[in-house]
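Asker: Each chain is listed here by its residues.
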Amino acid sequence: MRRLPELGRRYGRSQDRPGPPDYIGVGAEGSGTTWWHSLLLAHPEIRAPRERALDFFGTFCDREMQPADISRYNEHFPRRDGAIGGEWTDRYMADGWVPPLLRRVAPDARLLIMLRDPIECYRASYAQRSAYRVPGDRLSMTDAADRRSYASQLARLQRFFDPDRILVLQYERCRADPLGQYRRTLRFLGVRDDFVPSRLRSPSGRAQALAVAGVRRLPLAEPVRRRALARLTGPAAPAADAAALWPDLEAALLTTFSPEVERLLELVPELELSLWPGFTRTAAPPAPAQPT
Amino acid sequence: MARGRQTTGPPDFIGVGTQRSGTTWWFATLLQHPAIRPSRHSKKELHFFNRFCWKEMRDADVARYHRRFPRRPGQLTGEWTPRYIHNFWTPRLIRRAAPDAKLLVMFRDPIERFRSGVPKEVVVVPGRRIELIVADAIERGRYASQLERLRAGHETAEILVLQYEKCVADPVGQYQRTLRFLGADPEHEPEEVERPRGKSRASSKKSLWTDMLDALTTSLEPEVRRLAAIAPEIDVSLWPNFSHLARSGETQVENAPAA
Numbered sequence: 042m043r044r045l046p047e048l049g050r051r052y053g054r055s056q057d058r059p060g061p062p063d064y065i066g067v068g069a070e071g072s073g074t075t076w077w078h079s080l081l082l083a084h085p086e087i088r089a090p091r092e093r094a095l096d097f098f099g100t101f102c103d104r105e106m107q108p109a110d111i112s113r114y115n116e117h118f119p120r121r122d123g124a125i126g127g128e129w130t131d132r133y134m135a136d137g138w139v140p141p142l143l144r145r146v147a148p149d150a151r152l153l154i155m156l157r158d159p160i161e162c163y164r165a166s167y168a169q170r171s172a173y174r175v176p177g178d179r180l181s182m183t184d185a186a187d188r189r190s191y192a193s194q195l196a197r198l199q200r201f202f203d204p205d206r207i208l209v210l211q212y213e214r215c216r217a218d219p220l221g222q223y224r225r226t227l228r229f230l231g232v233r234d235d236f237v238p239s240r241l242r243s244p245s246g247r248a249q250a251l252a253v254a255g256v257r258r259l260p261l262a263e264p265v266r267r268r269a270l271a272r273l274t275g276p277a278a279p280a281a282d283a284a285a286l287w288p289d290l291e292a293a294l295l296t297t298f299s300p301e302v303e304r305l306l307e308l309v310p311e312l313e314l315s316l317w318p319g320f321t322r323t324a325a326p327p328a329p330a331q332p333t
Numbered sequence: 424m425a426r427g428r429q430t431t432g433p434p435d436f437i438g439v440g441t442q443r444s445g446t447t448w449w450f451a452t453l454l455q456h457p458a459i460r461p462s463r464h465s466k467k468e469l470h471f472f473n474r475f476c477w478k479e480m481r482d483a484d485v486a487r488y489h490r491r492f493p494r495r496p497g498q499l500t501g502e503w504t505p506r507y508i509h510n511f512w513t514p515r516l517i518r519r520a521a522p523d524a525k526l527l528v529m530f531r532d533p534i535e536r537f538r539s540g541v542p543k544e545v546v547v548v549p550g551r552r553i554e555l556i557v558a559d560a561i562e563r564g565r566y567a568s569q570l571e572r573l574r575a576g577h578e579t580a581e582i583l584v585l586q587y588e589k590c591v592a593d594p595v596g597q598y599q600r601t602l603r604f605l606g607a608d609p610e611h612e613p614e615e616v617e618r619p620r621g622k623s624r625a626s627s628k629k630s631l632w633t634d635m636l637d638a639l640t641t642s643l644e645p646e647v648r649r650l651a652a653i654a655p656e657i658d659v660s661l662w663p664n665f666s667h668l669a670r671s672g673e674t675q676v677e678n679a680p681a682a
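Top to bottom, those sequences are chains A and B.
Reminder that position 172 of the first sequence reads as 213 in our numbering, one-by-one numbering, no gaps.
Reminder that position 175 of the second sequence reads as 598 in our numbering, one-by-one numbering, no gaps.
Chain A on its own, in the form it takes in the complex:
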């Protein structure tokens, strides 16, 4: 019994203090956020929460959040001086009742968002949800599309948080230039940006290829296999888990997402639309020169 305080000191736990998170990842579902957050948690100045995704605010769609709830939330983020703590729950951005609650619990937090091509995300949701579909389910595919109203969701967040406190990452850019985007994320969070996690040091190579081949051979359930591969290589490439859709649905998706993507471009000018092939036509062509 007497050894416990010693152990606590050795691991620094007696100096840990809980408090509101320094950062909260708020979206988006199916956009490589597990991969990205695990890279962040490898950083020596970023302290892991007790659970990666707390999904803390869901219950407050049905009852008011009380001060005791806020204290309970803060207890998830013990850290020492010089370290920062946070969590990443993909639903927060899409669930309309959450933004005012985020401001109440952590008014100074920085928010992280990772966005991926909404049509690719929908295809992946379709593949996943049709496999586990409940007969008569009419909600889940409207929900799958509603979750991709990125511009409306971002604009809503900006009513509660200064735009400078929100970093919007693009999944496809992070895949193409992980180190550059990783450093950008670290700078935004205010921690040392010269740290390189081991997985970004050797993104490819024979050892990794052997490990990937080994995981593919193991008799694992598909979600477990996907998680294991994600740990080795990052999330699966979009084509691996996306379903092929039919022309009416593809066209309907484009109709419903295009206005959102157009507005998103206004809010996030650095968005590289060329990485979302379905929407490259959405970008307004330069206006023709007016005759003088």
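Only true hints are included.
Here are the simulated EDC-like pairs of lysine to aspartate or glutamate, each with C-alpha atoms no more than 16 Å apart in a straight line:
| id | chain 1 | residue 1 | chain 2 | residue 2 |
| --- | --- | --- | --- | --- |
| 1 | B | 543 | B | 554 |
| 2 | B | 629 | A | 103 |
| 3 | B | 589 | B | 656 |
| 4 | B | 543 | A | 103 |
| 5 | B | 629 | B | 554 |
| 6 | B | 629 | A | 105 |
| 7 | B | 478 | A | 289 |
| 8 | B | 628 | A | 103 |
| 9 | B | 629 | B | 535 |
| 10 | B | 478 | A | 291 |
| 11 | B | 589 | B | 658 |
Hints listed in this document are in silico derivations from the structure and should not be mistaken for laboratory results.
Keep in mind that this is a model prediction, so the values were computed, not measured.
Once you have looked at the hints, place chain B on chain A.
Answerer: Chain B only, in chain A's frame:
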């Protein structure tokens, strides 16, 4: 009484929205007109297109839809499924299955709609996670996005935008407006238009606390502003949760042409 051989075919009208906005009342009122008849088995809501988020709609499905609408010469027939406008895949399918159908949509103050819609869904789908129900109920209030999506494939003149609060205040005037739009004799006077006929949930409406009201207003206000700009027949002053937009003239500003 219409005479002649009964035939089936695409409906003449389809009500596409919105849930908890008085559509049952309005559909029942329309059916009082001698030239308007419901689908087979007198169903108001066919929910026919819902399933085509999971699989492609085939020509045989379209033929099956048409068989739901018997009518005699001179009669108009249709259905009213409030979730069609929220199902993003439906407008294109309506275009395919009923290219000449006129579309009806009834909008109600989206926060009042939310307060009524959440308890309804809790009863209709017991066991569904409340977070999904609430998220869906907020999304259903995004009227401007839904109307814009509808108009992407349908001419504005093919869509009648009704406002629940206007229909309550002036039922006969709005009834006649609806009949003119459908191409039915607008002089017909219904026996009963005064009373909403759907299942009222006034007593079980969800009560709102400050954070929730703040979240709903923030989520839906941009949509209400845009709706007022694209559908000037909507009188925002009749929506208690958004009447401040009308008072401050904000919607008018968006309506004004650019200088």
